[in-house]
Amino acid sequence: MPKVIYPGSFDPPTYGHLNIIERAARIFESVEVVISVNPRKKSTFSPDERKALLDDLVRGMANVSIVVWDGLVVDYAKATGAQVIIRGVRALGDFAHEFELAMLNKGLDPEVETIFIPTDPQYFVLRSSAIKEIVSFGGDVSSLVPSSVERALRERLGEEGRR
1 MPKVIYPGSF DPPTYGHLNI IERAARIFES VEVVISVNPR KKSTFSPDER
51 KALLDDLVRG MANVSIVVWD GLVVDYAKAT GAQVIIRGVR ALGDFAHEFE
101 LAMLNKGLDP EVETIFIPTD PQYFVLRSSA IKEIVSFGGD VSSLVPSSVE
151 RALRERLGEE GRR
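By full-length UniProt numbering, the letter at position 162 of the sequence shown is numbered 162, and the numbering carries on one by one without gaps.
Hints in this document: simulated from the structure, not taken from any laboratory. Take these hints with a grain of salt, some might be off.
[As the list claims (entries may be wrong)] Computed list of lysine to any residue pairs in SDA-like fashion (alpha-carbon distance at most 20 Å, straight line): (1) 3 / 106; (2) 78 / 28; (3) 132 / 142; (4) 3 / 26; (5) 78 / 110; (6) 51 / 65; (7) 41 / 101; (8) 132 / 155; (9) 41 / 67; (10) 41 / 136; (11) 3 / 79; (12) 3 / 30; (13) 3 / 78; (14) 42 / 157; (15) 51 / 22; (16) 132 / 43; (17) 51 / 72.
[Said to hold, decoys possible] Distance ranges between label pairs, derived from CB positions: (18) 52 / 143: 20 to 30 Å; (19) 39 / 110: 20 to 30 Å; (20) 143 / 111: 32 to 42 Å; (21) 109 / 154: 37 to 47 Å; (22) 138 / 30: 35 to 45 Å; (23) 108 / 140: 33 to 43 Å.
Beta carbons are placed, not taken as given, at the ideal position from N, Cα and C, and that holds for glycine.
Make the full structure from the sequences, and use the hints.
Structural data, given as structure tokens:
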């Protein structure tokens, strides 16, 4: 079985992310979720906080592990021998962006393949930026993120949007 990674910022982890993780874990022997760190992007949660949230969410999935990486995803794949990158897509716009990244990665390492998994329909509209905005205004996101993530978001953002 090929080594498989599922990279993303996971800021915060959503039910859409979990949907892709669970489905990939049913298909592949093991899945390594790679929290990508982009120093130019302002994140709500630190990489370690995102890792702790994801570790908790995948606790019952024996074939899923979580790591943090602060370089190019394709370099992580090379360094660890991963042959497949999983990417979740919601809509045509996602696919266009992800396709371009897949082509860039293919140019950097022709041995690494990208597989796209479309999200299940109920997670079609989940965007972490929208979730964070809803929380900052005191809105209900319980159908969008697990309760532990909602609590962390409320602690971090809950009061800021109401000032």
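Hints, one by one, checked against the model:
1. The straight-line distance between the Cα atoms of residue 3 and residue 106 is roughly 16 Å, inside the 20 Å bound, and the hint therefore holds.
2. Only pairs whose Cα atoms come within 20 Å are accepted, and residue 78 paired with residue 28 is accepted, the gap being roughly 19 Å.
3. Distance check on the hinted pair: residue 132 and residue 142 sit about 12 Å apart at the alpha-carbon level, within 20 Å; holds.
4. Taken as a hint, the residue 3 and residue 26 pair is honoured in the structure, with Cα atoms around 14 Å apart against an allowance of 20 Å.
5. With a C-alpha separation of about 11 Å, the suggested pair residue 78 and residue 110 falls inside the 20 Å cut-off, and the hint holds.
6. Taking the CA atoms of residue 51 and residue 65, the gap is near 10 Å; set against the 20 Å cutoff, the hint holds.
7. Among the hinted pairs, residue 41 with residue 101 is consistent with the structure: their alpha-carbon atoms are about 17 Å apart, no more than 20 Å.
8. The hinted pair formed by residue 132 and residue 155 meets the criterion: a straight-line CA distance of about 12 Å does not exceed 20 Å.
9. With a C-alpha separation of about 19 Å, the suggested pairing of residue 41 with residue 67 holds against the 20 Å cut-off.
10. The hinted pair formed by residue 41 and residue 136 meets the criterion: a straight-line CA distance of about 19 Å does not exceed 20 Å.
11. Pair hint residue 3 plus residue 79 holds up; C-alpha atoms about 12 Å apart against a cutoff of 20 Å.
12. Taken as a hint, the residue 3 and residue 30 pair is honoured in the structure, with Cα atoms around 7 Å apart against an allowance of 20 Å.
13. Between residue 3 and residue 78, the direct Cα distance comes to roughly 11 Å. Compliance with the 20 Å bound is thereby established for this hinted pair.
14. Between residue 42 and residue 157, the direct Cα distance comes to roughly 14 Å. Compliance with the 20 Å bound is thereby established for this hinted pair.
15. For the given pair, residue 51 sits about 17 Å from residue 22 by alpha-carbon distance, which is consistent with the 20 Å threshold.
16. For a cut-off of 20 Å, the pair hint linking residue 132 to residue 43 stands: about 11 Å separates their Cα positions.
17. With a C-alpha separation of about 18 Å, the suggested pair residue 51 and residue 72 falls inside the 20 Å cut-off, and the hint holds.
18. Take residue 52 and residue 143: their Cβ atoms lie about 23 Å apart, and the range 20 to 30 Å holds.
19. The beta-carbon spacing between residue 39 and residue 110, approximately 28 Å, falls within the hinted interval of 20 to 30 Å.
20. Distance hint check for residue 143 and residue 111: the Cβ-Cβ separation is about 40 Å, which falls inside the suggested range of 32 to 42 Å.
21. Checked against the hint of 37 to 47 Å, the pair residue 109 and residue 154 passes, with Cβ atoms roughly 40 Å apart.
22. For the pair residue 138 and residue 30, the supplied restraint of 35 to 45 Å holds, since their beta-carbon distance comes to about 40 Å.
23. Distance hint check for residue 108 and residue 140: the Cβ-Cβ separation is about 42 Å, which falls inside the suggested range of 33 to 43 Å.
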